[in-house]
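Q: Fit chain U to the supplied structure of chain D, relying on the hints for placement.
Protein chains: 2
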Amino acid sequence: MAQSPYKQLEQEWKRLHALRGAMAVLRWDAAVLMPKGSADVRGEQLATLETEYHALVTAPRISRLLDRAQANTASLRDWQIANLHEMRRQRDFAIATPVALISRLARAASKAEAKWLQARETGKFEDFAPHLEEVVNLVRDKAQLLAQARNLSPYDALVDEFSPGLTAAEIDAIFKGLGRRLPSMIREVLARQESRPVLPITGKFGASKQRALAVEIMKAIGFPFDRGRLDESEHPFTEGVPGDVRVTTRFDPADPFSGLLGAIHETGHAMYDVGLPAEFADQPVGRDRGMALEESQSLLMEMIVSRSRPFVTYLKPLLEKHFGVSGPEWSEENLYAHLTRVKRGPIRVDADELTYTLHIQLRYELENQLLSGQLAVRNLRDAWNSSMEMRLGVKPQSDLEGVLQDVHWAVGSFGYFPSYALGAVIAAQFQDAMRAAVPELDAQIARGEFAGLIGWLREHVHSRGASVSAQALIKQATGKPLSAAAALRYLESKYLEPETVLGSAAA
Amino acid sequence: MAQSPYKQLEQEWKRLHALRGAMAVLRWDAAVLMPKGSADVRGEQLATLETEYHALVTAPRISRLLDRAQANTASLRDWQIANLHEMRRQRDFAIATPVALISRLARAASKAEAKWLQARETGKFEDFAPHLEEVVNLVRDKAQLLAQARNLSPYDALVDEFSPGLTAAEIDAIFKGLGRRLPSMIREVLARQESRPVLPITGKFGASKQRALAVEIMKAIGFPFDRGRLDESEHPFTEGVPGDVRVTTRFDPADPFSGLLGAIHETGHAMYDVGLPAEFADQPVGRDRGMALEESQSLLMEMIVSRSRPFVTYLKPLLEKHFGVSGPEWSEENLYAHLTRVKRGPIRVDADELTYTLHIQLRYELENQLLSGQLAVRNLRDAWNSSMEMRLGVKPQSDLEGVLQDVHWAVGSFGYFPSYALGAVIAAQFQDAMRAAVPELDAQIARGEFAGLIGWLREHVHSRGASVSAQALIKQATGKPLSAAAALRYLESKYLEPETVLGSAAA
Chain D
923 MAQSPYKQLE QEWKRLHALR GAMAVLRWDA AVLMPKGSAD VRGEQLATLE
973 TEYHALVTAP RISRLLDRAQ ANTASLRDWQ IANLHEMRRQ RDFAIATPVA
1023 LISRLARAAS KAEAKWLQAR ETGKFEDFAP HLEEVVNLVR DKAQLLAQAR
1073 NLSPYDALVD EFSPGLTAAE IDAIFKGLGR RLPSMIREVL ARQESRPVLP
1123 ITGKFGASKQ RALAVEIMKA IGFPFDRGRL DESEHPFTEG VPGDVRVTTR
1173 FDPADPFSGL LGAIHETGHA MYDVGLPAEF ADQPVGRDRG MALEESQSLL
1223 MEMIVSRSRP FVTYLKPLLE KHFGVSGPEW SEENLYAHLT RVKRGPIRVD
1273 ADELTYTLHI QLRYELENQL LSGQLAVRNL RDAWNSSMEM RLGVKPQSDL
1323 EGVLQDVHWA VGSFGYFPSY ALGAVIAAQF QDAMRAAVPE LDAQIARGEF
1373 AGLIGWLREH VHSRGASVSA QALIKQATGK PLSAAAALRY LESKYLEPET
1423 VLGSAAA
Chain U
923 MAQSPYKQLE QEWKRLHALR GAMAVLRWDA AVLMPKGSAD VRGEQLATLE
973 TEYHALVTAP RISRLLDRAQ ANTASLRDWQ IANLHEMRRQ RDFAIATPVA
1023 LISRLARAAS KAEAKWLQAR ETGKFEDFAP HLEEVVNLVR DKAQLLAQAR
1073 NLSPYDALVD EFSPGLTAAE IDAIFKGLGR RLPSMIREVL ARQESRPVLP
1123 ITGKFGASKQ RALAVEIMKA IGFPFDRGRL DESEHPFTEG VPGDVRVTTR
1173 FDPADPFSGL LGAIHETGHA MYDVGLPAEF ADQPVGRDRG MALEESQSLL
1223 MEMIVSRSRP FVTYLKPLLE KHFGVSGPEW SEENLYAHLT RVKRGPIRVD
1273 ADELTYTLHI QLRYELENQL LSGQLAVRNL RDAWNSSMEM RLGVKPQSDL
1323 EGVLQDVHWA VGSFGYFPSY ALGAVIAAQF QDAMRAAVPE LDAQIARGEF
1373 AGLIGWLREH VHSRGASVSA QALIKQATGK PLSAAAALRY LESKYLEPET
1423 VLGSAAA
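In order, the protein sequence lines correspond to chains D and U.
Using the working numbering, the letters of the first sequence map in sequence onto residues 923 to 1429.
Using the working numbering, the letters of the second sequence map in sequence onto residues 923 to 1429.
These are calculated hints, taken from the structure and not from any lab test.
All clues stand as given, with none of them false.
Heads up, the list lumps identical chains together, so a pair's fine if it works in one copy or across two of them.
Derived DSS-like pairs (lysine-lysine); straight-line CA-CA distance at most 30 Å:
1) K1033 - K929
2) K1131 - K958
3) K958 - K1037
4) K958 - K1243
5) K1098 - K1265
Here chain D stands alone, though its shape is the one from the complex (with noise of 0.2 Å):
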C-alpha cells in the first residue's frame, strides 16, 4: 500500500535530518579537534552535504507531495498539520536562495571569517573591511529575495531565518520599552555599587578542576552525559541533535567563572534540544521554535539562575570542594555581589545583564544601516565608535575592543544579534510565570535541585517544539503577549531592591 503524501513528506524529512545531525558533528569536529590543515577537506565535504541538502528540499517531488499533503488535511492532527507548515517554510526558504548564491555567501563567508581572525592578529579593521563589503553585499542579495519570497522587508526576512515571526517592529518595541528605564537604571546601579566594594576573586583554577565542576552542576541541570559532551574550545557552543547534544565552553584559569557559566549558558540550549517533543524527533514541527527562544534558554540558566542568590548557596560548598578554596571573598554574600556586578564595559561577552542590551541595540541599529546601504562598511569603524561612546559613555582603545570583536558579521549572520536581547526578555518572562507556578523554586536551587525549573521548561517550552509560533508560545507560557515588562521588574529588583529578589526571605 502507498504511504499517504505526508507519510511520504516525513520519510523525506527523516533523511533531512539525518543530514543535518551529519553536518553538525562535521561542524563540531572542526571546532573542537580537527587537525588546523584540514579545513580545505572539511569544507567539501559540508559544502557538497549543504547542497545535497538543499537539492533534496528544492526537488519538485517534495513540492508535489506538499500540495497533495495540503489538499488533505482532514486526516491529520495539529501537529502533523504544523509540521507541513514547517516543511512549506524550509521548502520556501530554499526555493528563495538558490544554492549558486548560498556557495557564493559560504565561501565569501569563509575568506571573510579568515581574514577577520588575521585582524585580531593585526588590530586592524581595514584589513577585514573589504572581505565584510563583500559579505554584507551578498546577505543584501539574499535578504531580496528571501523578502519577495517571504514577502517581508528584507530585515525582517533576515530575522525571520533565525527566529521565524519575529519582526523589527517587536525588536524595536522591546528595546523601546528598555530604553525608557534602562539608562537611569545603570547609573543608580552603578551609583550604589560603588559604596558596596567586592573582595577580588584571585588564584590559578586548572582545567580539570574547573571541568569537573562543570560537569557535576551540568548533572545535577540534567545534562544527558549518555547522549551528550563536554569539551573544550576557542568559544562555547552547543552543536547536534537531540540524542547526541555537545556543548563547549572554554576555561580561564585565571577565572573560576567563566568557563563554569559559558557551559551552563550552553547547557541552557542542549536542555531545550534535549526536551524537544521525541515523537517528532526527526521532523521539522519537532525542531526549538528559533533563536530569540533558544537564547531565552541559556540566558535564563546564565544569567537569571546562575547569578541569583539561591545558586550561590548551592555553588559555594562546590567551589571549596573542587577548588579547595576559602576566605572572606568566597563567601556567599561576596561571590553573589562578584557575579552581579555592573560594569560599562566595550567588550558584549564580558557584560553584565544591565548593559548587555546596550550593546545589542549598537549591534542591530548598525547592521540594518549596512544593509539598506545608509551606512558604507568603510564608515563602520567610527560608527561604531561613536554609538559606543553615546551608548555606554566608552571609548574603544582598539578595533579589538571595538568593530573587531564579534564574529558575526564576517560569517553572514545578520539579523542574529536581536535574538540575544529578546531571548534575555522572554527569559525574564518566564522566570515570572514559572516562579508563580513553581513556589519551592529558590530552595530547590540552593539545594542543587532543577528538576521544578526543567520541568516547567519542558512543559512550557521544549515540549511545543516548533508547533506554534514564539510569540503564540510565549503568550501561552505566561498569559501575557511578548513585552519587556517582566525584564525590567527582574532587574529593578535584583539590582536596586537586593533584599527581595529570587532567594532572599520573600521569594
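A: Same frame as chain D, now just chain U:
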C-alpha cells in the same frame, strides 16, 4: 562551454569523495568519542549517507556519462583512463548490490556486532550464533549477486571488494608456498629460542608517556600531525581521507610495546593514504589499491621495521627517555629478543610473524566453508577448535580465545582475512626490493630516519594510487610476480640466521 563527459564524471566523484570523507569522520567519532547512547542517531546518519552515496553512483546519468567518456578516450591520459575504469568498477559494484540488500545487511551486521560484544561478556558462542547465521545468509546473497555481475566465483567476488583483482587461486598459491616450510620453521625456531631465555619486561607505563613516545616515532616516520591525529579506541584503526587522516591505538599500562606497535601499524596505513597521488586526491584512481596492499604497508612497519635490530637501536634511548627505564632487560639484545619471540598461542592479534599466517589460513578455510554451506554456523566452534589444534597445536580454553575473538564476520567482512596474509607476503617482497635500492636503509633506521624507507614506498607503491592492478604494481616495484618466496627467505634469515638479518654487519 559544456564540460566533457570525463570532466563531469570527475565532478560527480568529487562529491562522492566528500560524502565518503564525511562518513569517515562519523565512523571515527563513533569509535573514539561518541556518547554510548547516541548509536541509534549515528546509525541513521550513516545509513542515510550510504543510501545517498549509492543513489548517486547508480544514477542513470552516471552510466550515460561513463558510456560517452568510454567512447572517446583518445583525448584522455593513461591516469584518466584508469580513473574511468575505477569509476566503472564502483558503479558496477553498486548496481550489483541493491540498496535494500545493503541496508538489510548493515542492520543485521549492526545487530550481530552488538550480540558479539555481549557474547564477549558471557563467553558463549551460542548467544551469537543465530545472529552470525543471518549475516552469513545475507553475505551469501551479496556474493551471488556480485559474482554474476563481475563474472567471478562468489568468494572471489567478496575478495575483489577488498583487494581488487586478487583471487582465491592466488591466495591458495601463497598458502601453499608458505605451508611447505613454515611448520618446520616454527619447530626449529621454538627449539632454538628455548635455549635463549628472554628477561621479562615489567612495570607500569602511563598512557600519556606511551602516547608521547608513539607521537615522537610517528613524527620521525613522517605522519603529518597538522593534517592528522592520534587517538585511543577499543581497537586500533585508521580512518579518514588524505588531508585528515586519523589513527588510533590502545595503550596497555602493563605493556610498553602493544600500543606503540599498534600506532606504528596504523601509521603504515596512514603513510599510504598520505602518499597517494595528490592530483587525483578526490578520484577513484587516487585511492589505495586495496586491503592486501594496505596491510602490506602496515605490516611492513609493524613487523619487519619495528621488530628489527636497527629499529631497536633507535628505540632503546627513546624508551629510556620516555619511561626512565634502565637495566639488563632494556638492553638492545633483550629488547630484540622480546620483540621477535615466537609462541604458539590461540589469539591472532597476539601472534608473532611466524605463526600469524596459520591463524589467517584457519579463518580463510572456515569462511569459505561457511559461505559454500559446507559448514553450518552451529558447528563453527567445533570446526574452529579442531582446526586450531591441528594447525597450531593449541586448544582454546574458551570461546573468547577461540571463535569469538574477531569481529570481522559479525560485521559481514568475509573475504577480508586473506588480506593480512597477502599483506605480510607482499611486505617481505617490497623489503627485498627496497633493500637493494637503498643500501643505507638500516643505518638510517638506526638513527630514526625513515626518509629512505618512505621515499621508496612512496615512489613504488603510494604514488601509484589505483592506476594499476595490485599484481602489476608488485611486479613493477619488485621485478617479480607476487609469491611467498621473499617472505620465506626473510623469516628464515631473521629467525634462524640472526647474524645476517636486517641491521647486522652483513647488511
